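From first to last, the protein sequence lines stand for chains A and B. If you read the first sequence in the numbering used here, its first letter stands for residue 132, the second for the next number, and so on. If you read the second sequence in the numbering used here, its first letter stands for residue 11, the second for the next number, and so on.
These aren't lab readings, by the way, just hints derived from the structure by calculation. Nothing here was measured: the structure is a model prediction, and the numbers come from that model. For every residue, glycine included, the Cβ atom is placed at its ideal position computed from N, Cα and C. Keep in mind that a hint or two might mislead.
Heads up, incomplete: computed chain A residues facing chain B, CB under 7 Å, no partners named [claimed, not checked]:
hint	residue
1	L161
2	A196
3	G199
4	K254
Across the chosen pairs, the derived CB separations fall in these ranges [unchecked claim]:
hint	chain 1	residue 1	chain 2	residue 2	range
5	B	P53	A	G157	53 to 61 Å
6	B	G27	A	M132	41 to 49 Å
7	A	E219	B	V13	30 to 38 Å
8	A	G136	B	D24	34 to 42 Å
9	B	E36	A	T184	26 to 34 Å
10	B	D80	A	A192	17 to 25 Å
11	A	T262	B	L75	39 to 47 Å
12	B	R49	A	Q155	52 to 60 Å
13	B	N79	A	T184	19 to 27 Å
14	B	P53	A	D205	44 to 52 Å
15	B	P72	A	A196	22 to 30 Å
16	B	P34	A	Q152	49 to 57 Å
17	A	D205	B	D80	32 to 40 Å
With a straight-line cut-off of 27 Å between C-alpha atoms, the simulated DSSO-like cross-links for lysine-lysine are [to be verified]:
hint	chain 1	residue 1	chain 2	residue 2
18	B	K74	A	K133
19	A	K247	B	K68
20	B	K68	A	K133
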Amino acid sequence: MKRAGLVTHVIDPASLIAEVQSPQVGGISLFLGTVRDSNDGRSVSGIDYSAYTAMAESEMADILAEAGERFGVDSIVVEHRVGALTLEDVSIAIVAAHAHRQPAMACTRFVIDEIKKRVPVWKRERYVDGTTQWVDPTHESGASAP
Amino acid sequence: MSVVTVQLFASYADAFGAPQLEIPLEPGSTVADLVRRIRALPPGDLLPASPRVALNRKFASPDKLIGSNDEIALIPPVAGG
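Same shape as in the complex, but just chain A (with noise of 0.2 Å):
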C-alpha cells in the first residue's frame, strides 16, 4: 500500500505507522519534519506551508513508486500538512515498512531528498519581528534543511 497526501489537520504519526504494520513487516522507518525556532540566523515564530495541491500529490505519488521500485517497498505512507504550522508541529512524516530494516530506512531518506527537490510546496517562514519571507532553498547554505 503506498499514500501521499497534503493534509491540513495534524499529522499522527501513530496512525500512519498502523498503516503499514503486518505480520510480514521487520523493520519501520519513520522521518518527521518539524518547525525549529531558527532559520538563517533569525528567530522564528512559524511557518505558512501553500503548494500547487493536484501537481504537489501526483509528484509525490510518483516518488513513491520510484522509491517502490528501488528499494524493493511495497508499504510508505506519507502525509505533509499545509497551512499555519507553529513550533514543534510536524510538518511531513514519512513511513516506509519492509521485511528488513535497510531497504525500509533508504527508502524514508529517498523519499524525503526527492520531495524536497520535486514537490511544489513552499513555506513563508513568520518571525519573531512580526516579519515574513518566502524560504528559498536556491538561495541558501543549506543550513535550513530538516
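Given chain A's structure and the hints, the job is docking chain B onto it.
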C-alpha cells in the same frame, strides 16, 4: 495568437500580485518562449533566467511545445518538507 493562463504560486504570485497571468502566445510556442514573455512583464525581471515551468502537472523542459489546452504553472523554488 492565443491566450494561455499561467498559474502562479507563493513568491511569484506575490511578485505579480495575482494568482495567474494571461499570456498571448503564437501557435508553436515553447516553454522558453513563454518564459521570455513573462520576464518582459513587470516585475518579470525578478524571476530567475530559467524558472521551472510545469505543463499538465509535470516539469517541462524549455524546448517543450505548449498546447492551447495545457495546464501551465510557473513553479518557484520548492521548499517542502
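How the hints compare with the structure:
Interface restraint check for L161(A): the shortest CB-CB distance to chain B comes to about 14 Å, outside 7 Å, so the restraint is violated. With 7 Å as the threshold, the beta carbon of A196(A) stays out of range of chain B, its nearest partner Cβ sitting at about 14 Å, so the hint is violated. For G199(A), the shortest C-beta to C-beta distance to chain B is roughly 19 Å, which exceeds 7 Å, and the interface hint is violated. Interface hint at K254(A): satisfied, since its Cβ lies 5 Å from the closest Cβ of chain B, which is below the 7 Å cut-off.
Distance hint for P53(B) and G157(A): a CB-CB separation of about 55 Å, consistent with the stated range 53 to 61 Å. The supplied range of 41 to 49 Å is met by G27(B) and M132(A), whose beta-carbon atoms lie about 43 Å from each other. The beta-carbon spacing between E219(A) and V13(B), approximately 46 Å, falls outside the hinted interval of 30 to 38 Å. A hinted range of 34 to 42 Å for the beta carbons of G136(A) and D24(B) is inconsistent with their spacing of about 26 Å.
For E36(B) paired with T184(A), a C-beta distance near 31 Å keeps the hint of 26 to 34 Å intact. Distance hint for D80(B) and A192(A): a CB-CB separation of about 20 Å, consistent with the stated range 17 to 25 Å. Roughly 42 Å separates the CB atoms of T262(A) and L75(B), a value that falls within the hinted 39 to 47 Å. Checked against the given bound of 52 to 60 Å, the beta carbons of R49(B) and Q155(A), roughly 53 Å apart, stay inside it.
A hinted range of 19 to 27 Å holds for the C-beta pair N79(B) and T184(A), which are about 20 Å apart. Between P53(B) and D205(A) the beta carbons are some 47 Å apart, a value that agrees with the proposed interval 44 to 52 Å. At about 26 Å, the beta-carbon gap between P72(B) and A196(A) stays in the expected band of 22 to 30 Å. Here the CB-CB span from P34(B) to Q152(A) is close to 55 Å, well matched to the stated 49 to 57 Å.
Between D205(A) and D80(B) the Cβ separation comes to about 34 Å, which falls inside the hinted range of 32 to 40 Å. Pair hint K74(B) plus K133(A) does not hold up; C-alpha atoms about 31 Å apart against a cutoff of 27 Å. A hinted pair counts as satisfied when its Cα atoms are at most 27 Å apart, and K247(A) with K68(B) qualifies at roughly 16 Å. Restraint check for K68(B) and K133(A): satisfied, since their Cα atoms lie roughly 20 Å apart, inside the 27 Å limit.
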